[in-house]
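Please construct the entire structure, taking both the sequences and the accompanying hints into account.
For the sequence shown, the residue numbers in our numbering are 614 to 1032.
Hints listed in this document are in silico derivations from the structure and should not be mistaken for laboratory results. These figures come from a predicted structure and were not determined experimentally. Treat the hints loosely; a few may be bogus.
[To be verified] Listed below are the simulated SDA-like cross-link pairs for lysine to any residue, each with C-alpha atoms no more than 20 Å apart in a straight line:
#	residue 1	residue 2
1	LYS1025	THR951
2	LYS773	MET736
3	LYS810	PRO997
4	LYS636	MET736
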Amino acid sequence: MINLKVMIQINGEEVLAGTIQGKSNNDAFFKYDEDYISKFPAISISLPTDQKTFNVNQTRNFFEGLLPEGFTKRSVARNIKVDEDDYLSILSVLGKECIGAIRIISEDEDIKSSYKEITLDEMKALAEEGATKSSKIVTEAHLSLTGATGKVGLYFHHNKWYLPKGLNPSTHIVKQSHVRLDDIVINERLCMMTAQKLGIDVPENFVIDTGSKTDDRILYATKRYDREIDERDKRKMPIPKRIHQEDFAQALGIGAVDKYEIENDNYIERIFKLISQNFKNPIEAQRNLWKRIVFNYLIGNTDGHIKNISLIYSKDLKTISLAPAYDIVSTDVYDEYTMMAFNIGGAKDITKIKRKSFEQAAKDATIGSGIAMEMLDEMCESFPKALREAAKELKDEGFENAAKISRKILNKKRYTIGK
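Encoded structure:
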């Protein structure tokens, strides 16, 4: 019998939001706690409190969305000896530290929490061994990070790295290089630096060099925007507070398997409508999201799916904003990835997206084609300079291949779509 508690941190205090109950994945459902409903807002736009109880698909689409995907999920399932499709068994192990402010715990758990310092040799092993090593760490730390790439959540304090154990939160998400995609760490760092230069909100991020600047020695770290350390916390190792977030797949009630748009799913229209109906400052959020959509095209990020765009809640869950941009990589430089994550005005193949595609996308998003195309033109004009500056800064840090990646991106000439 499945009986999992869904906990959430609100204003720094953890409360019981509800439970997931059932005999198996096939009939398990989420139900809000009555006391929670009387005091607090919903934990997801797709799980409104006035509904109280949610069916199997609604439950799965949100809570499975907290889990890693791909190789990491398969490896964790193998490590804990359950079927890969048994998402609740996996979540019962990994759910102690999720994206956002939610934790999933069993009724009878008594967990000791700590931080274990990670040595330089262990960081080198993490860089060298890729997703195999990260999946072992994920299992050991009971940590659930969404996405298909090899990544772990670590705690960074006074220039030292620690593995969170038990219920302790992490402060950074650390990614490894990819076995098939060369220079992926530098690629992402380059894209994020360029995005920031163009006025896109991104979290603090940096490259961890464990001994040399080669792919098998470097890691990519992103400071978690859904964690916050209280400056008044004077403990030797302050415990971060959790801030709630969800990705747009979860908010729309869409399962992770459908994160890429199939023809005529109208993801842009649905995303922008959700923002207009639920956000504190919807016009500002829509314009910022539009800039990201344009930037993904310019930089050649074909993996900007709806799980790679998130919304973040205030500490009391009463207001919603667009979360900072993350997971921006120029997949286009690897040539085999040409299909965008969702349609841009009816076009999905990045090589077939034209100016008129964005004009139609702006109409679909109902944000006004005039201002939308003006923003596109401004970004197209500023893009080459911003990219070259970011590449030079990385080259000056010793990452020579940043210039090569930059040239490949510029050679696509996507910025010429502007006036």
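(message) Need the status of pair LYS810, PRO997: alpha-carbon distance at most 20 Å?
(response) holds (11 Å)
(message) Holds or violated: LYS773 and MET736, Cα atoms, limit 20 Å.
(response) holds (11 Å)
(message) So if I understand the rule, the pair passes when the alpha-carbon distance is 20 Å or less; does LYS636 with MET736 pass?
(response) Roughly 41 Å between the alpha carbons, so the hint for LYS636 and MET736 is violated.
(message) Need the status of pair LYS1025, THR951: alpha-carbon distance at most 20 Å?
(response) holds (12 Å)
Consistency note: the structure conflicts with earlier hint 4 alone.
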